[in-house]
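Asks: Here is what each chain is made of, one letter per residue.
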Amino acid sequence: MAEWGWEGRPERASLRRAIRHQLRRLDPTIRVIAESYLAQSTPIDLLAVGGEGEIISIRIGSSDFASGTSQASSTPVPCGSSDAALLTQSLADLSWLRPRLGDFLKLAPGLGIEPSAEPRAMLCCDRFSGETRAAVENFPSRQIELLTYHCLRQRGQLAVLFESWVGLGNQATHAYGDPNPGFQSRGSPRGSPLAGAPSPSKFRTGLTTADLCNDLEEEKILD
Amino acid sequence: MPRDLADVLHYFLPEIDPDTEKTRSTPTTAPLEAAAPLEAAAPLEDTTPLDPPTLEAAGTPATEARRRNTTNPATALPLPILGLPIGERDVVRSALAWNLAIETSRLGASTLIVTPSSDRGSPLWPEPGPGPLGTELIFCPVTDLDSLYRVASELAQTRTDQSRRGGVVFVRIPPAWLTRDAALENPIRWLLLLTSSNRRDLKEAYDLARNALAANPNAEIGVTIHGVTTIAEAKNAFEYLSRISLDELGLVLASYGLLVDDLHVYRAIAAQRPIGLAHPQAPATRALMDVARLLYEDARSRFLG
Numbered sequence: 001m002a003e004w005g006w007e008g009r010p011e012r013a014s015l016r017r018a019i020r021h022q023l024r025r026l027d028p029t030i031r032v033i034a035e036s037y038l039a040q041s042t043p044i045d046l047l048a049v050g051g052e053g054e055i056i057s058i059r060i061g062s063s064d065f066a067s068g069t070s071q072a073s074s075t076p077v078p079c080g081s082s083d084a085a086l087l088t089q090s091l092a093d094l095s096w097l098r099p100r101l102g103d104f105l106k107l108a109p110g111l112g113i114e115p116s117a118e119p120r121a122m123l124c125c126d127r128f129s130g131e132t133r134a135a136v137e138n139f140p141s142r143q144i145e146l147l148t149y150h151c152l153r154q155r156g157q158l159a160v161l162f163e164s165w166v167g168l169g170n171q172a173t174h175a176y177g178d179p180n181p182g183f184q185s186r187g188s189p190r191g192s193p194l195a196g197a198p199s200p201s202k203f204r205t206g207l208t209t210a211d212l213c214n215d216l217e218e219e220k221i222l223d
Numbered sequence: 224m225p226r227d228l229a230d231v232l233h234y235f236l237p238e239i240d241p242d243t244e245k246t247r248s249t250p251t252t253a254p255l256e257a258a259a260p261l262e263a264a265a266p267l268e269d270t271t272p273l274d275p276p277t278l279e280a281a282g283t284p285a286t287e288a289r290r291r292n293t294t295n296p297a298t299a300l301p302l303p304i305l306g307l308p309i310g311e312r313d314v315v316r317s318a319l320a321w322n323l324a325i326e327t328s329r330l331g332a333s334t335l336i337v338t339p340s341s342d343r344g345s346p347l348w349p350e351p352g353p354g355p356l357g358t359e360l361i362f363c364p365v366t367d368l369d370s371l372y373r374v375a376s377e378l379a380q381t382r383t384d385q386s387r388r389g390g391v392v393f394v395r396i397p398p399a400w401l402t403r404d405a406a407l408e409n410p411i412r413w414l415l416l417l418t419s420s421n422r423r424d425l426k427e428a429y430d431l432a433r434n435a436l437a438a439n440p441n442a443e444i445g446v447t448i449h450g451v452t453t454i455a456e457a458k459n460a461f462e463y464l465s466r467i468s469l470d471e472l473g474l475v476l477a478s479y480g481l482l483v484d485d486l487h488v489y490r491a492i493a494a495q496r497p498i499g500l501a502h503p504q505a506p507a508t509r510a511l512m513d514v515a516r517l518l519y520e521d522a523r524s525r526f527l528g
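As they're listed, the protein sequences go chains S and Y. Counting from 1, one number per residue, gives the positions in the first sequence under our numbering. Counting from 224, one number per residue, gives the positions in the second sequence under our numbering.
Since the hints were made in silico from the structure, they are not lab data. Predicted model only: the values in this text are computed from it and were never measured. For glycine and all other residues, C-beta sits at the position ideal for the given N, C-alpha and C. Check each hint, because a few of them may be wrong.
Label pairs and their in silico Cβ distance ranges [what the hints assert, rightly or not]:
id: 1; chain 1: S; residue 1: 51; chain 2: Y; residue 2: 500; range: 28 to 36 Å
id: 2; chain 1: S; residue 1: 115; chain 2: Y; residue 2: 364; range: 49 to 57 Å
id: 3; chain 1: S; residue 1: 209; chain 2: Y; residue 2: 490; range: 40 to 48 Å
id: 4; chain 1: Y; residue 1: 493; chain 2: S; residue 2: 110; range: 26 to 34 Å
Think about it this way: if two alpha-carbon atoms lie no more than 16 Å apart in a straight line, the pair counts; the simulated EDC-like pairs of lysine to aspartate or glutamate are [unchecked claim]:
id: 5; chain 1: S; residue 1: 202; chain 2: Y; residue 2: 350
id: 6; chain 1: S; residue 1: 202; chain 2: Y; residue 2: 470
id: 7; chain 1: S; residue 1: 202; chain 2: S; residue 2: 27
id: 8; chain 1: Y; residue 1: 426; chain 2: Y; residue 2: 462
id: 9; chain 1: S; residue 1: 202; chain 2: Y; residue 2: 311
Let the sequences and hints guide you as you build the complete structure.
Replies: Spelled out as structure tokens, the structure:
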């Protein structure tokens, strides 16, 4: 079995990569299109496009960052309020992104952005306060998604485990992306936040039926 | 054409990531240190120089501009290594791999193909060295998986510095090595299986996935369905393979799209010409670009191969 250990204070860049990597397992339809994308006043850690063409703002926070600086900017964050600040920033992101969807579509038409799809936000933090969780309940399902992550280091590489709290009340707790299934069965009982089924495989393609049709000129040449 | 919003953001946005400096400063010496063992411990049989010669003197504006452009923190880590199990006589899959590497280059990535030197002179590959869009083919004198990985990882380290926007090291793995070296752990974690949609090929792909998983329980295995005529055909084939892989092996396969059955593919294979350059509007090219995009997106989210 591979050696692993919990990681307390990961480097921010490593954490962002690990989360980006694990997001692919959480939802393979999510495609990250930019990192550190400047929004209203602070950069969004990861900007992504969801399966329905919706823009997703992904903000990463940590209680460890709270004593120093916020997740992506150099703005000091009062200790203990990291997740609340993250929620505020995510809400600001949604307001900022909404009128700019058309611009994104012009800037990068190949990304599959659907301008009519409502943007949503994912907040990744190592813990969320009760107030933040309660605040999220006011929003429609999935518009604001809270993802609690746990860091571990496996063979020198940082990996994260997601424990999702979707904002539908306390009943919605899932875990995703255990990189070591054996660990789960030994170290954590079923039903605990770290136990859960892996996400299913999903077929991915950006092609449409029209893409597979030969152009008329091409057909003439072939004929 | 840029396919990634990140590719064009630098035109509009200042570089403000506070992590940038941290990440940039730590590993600057790593690729240089890694370059030495490559030359000493694993000399390449191919005479192609690893670093293209430059005619510009150090310190000229062009050189300085290039130096500044090559310090992207995202590429300070080694390029990810993608293993492709391809048989010794499998001309179709090797041609698809070569074309995928070229299409990945077209997206802005730095790509190279590493393959055992036993392939030299075989119809699997074109001439070694730098090829279309900078995709480089390197033969290495190795006889086992471990040596192959060592050479690939050293190349991944040394090329990192030159890869402003990341890249992928494609490695052909003779399928027999996955079985033969089953007692040893396969060090290549990221694998791509190319399979057609017929049941016999899907069974072969399943067997390969099983062997790869046995050789490395942490292997991340992706599948591209090739030789299909419709998206539904590819989707059905992938879903069949992913279902049995999940049921039998507990393996979650990643999907890397589809490659179409197109006359251009076979013409290009016969002529050893890149499909994307010869027939840029062909469905085969669109499909290759789509798979390359999926690979490149995933490559950018990895730390190591």
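Asks: Would you mind marking each hint as holding or not holding in the structure?
Replies: Outcome of the hint check:
Remark: the range hint 28 to 36 Å for residue 51 of chain S to residue 500 of chain Y is upheld by a beta-carbon distance near 32 Å. A beta carbon spacing of about 54 Å between residue 115 of chain S and residue 364 of chain Y agrees with the range 49 to 57 Å that was offered as a hint. Roughly 23 Å separates the CB atoms of residue 209 of chain S and residue 490 of chain Y, a value that falls outside the hinted 40 to 48 Å. Under the hint 26 to 34 Å, the C-beta atoms of residue 493 of chain Y and residue 110 of chain S, about 31 Å apart, fit the expected range.
For the suggested pair residue 202 of chain S and residue 350 of chain Y, the alpha carbons sit about 37 Å apart, so the restraint of at most 16 Å is broken. With a C-alpha separation of about 15 Å, the suggested pairing of residue 202 of chain S with residue 470 of chain Y holds against the 16 Å cut-off. Distance hint between residue 202 of chain S and residue 27 of chain S is fulfilled; the C-alpha atoms sit about 9 Å from each other, no more than 16 Å. With a C-alpha separation of about 13 Å, the suggested pairing of residue 426 of chain Y with residue 462 of chain Y holds against the 16 Å cut-off.
Under the criterion of a C-alpha separation no larger than 16 Å, the hint pairing residue 202 of chain S with residue 311 of chain Y is inconsistent with the structure, at around 31 Å.
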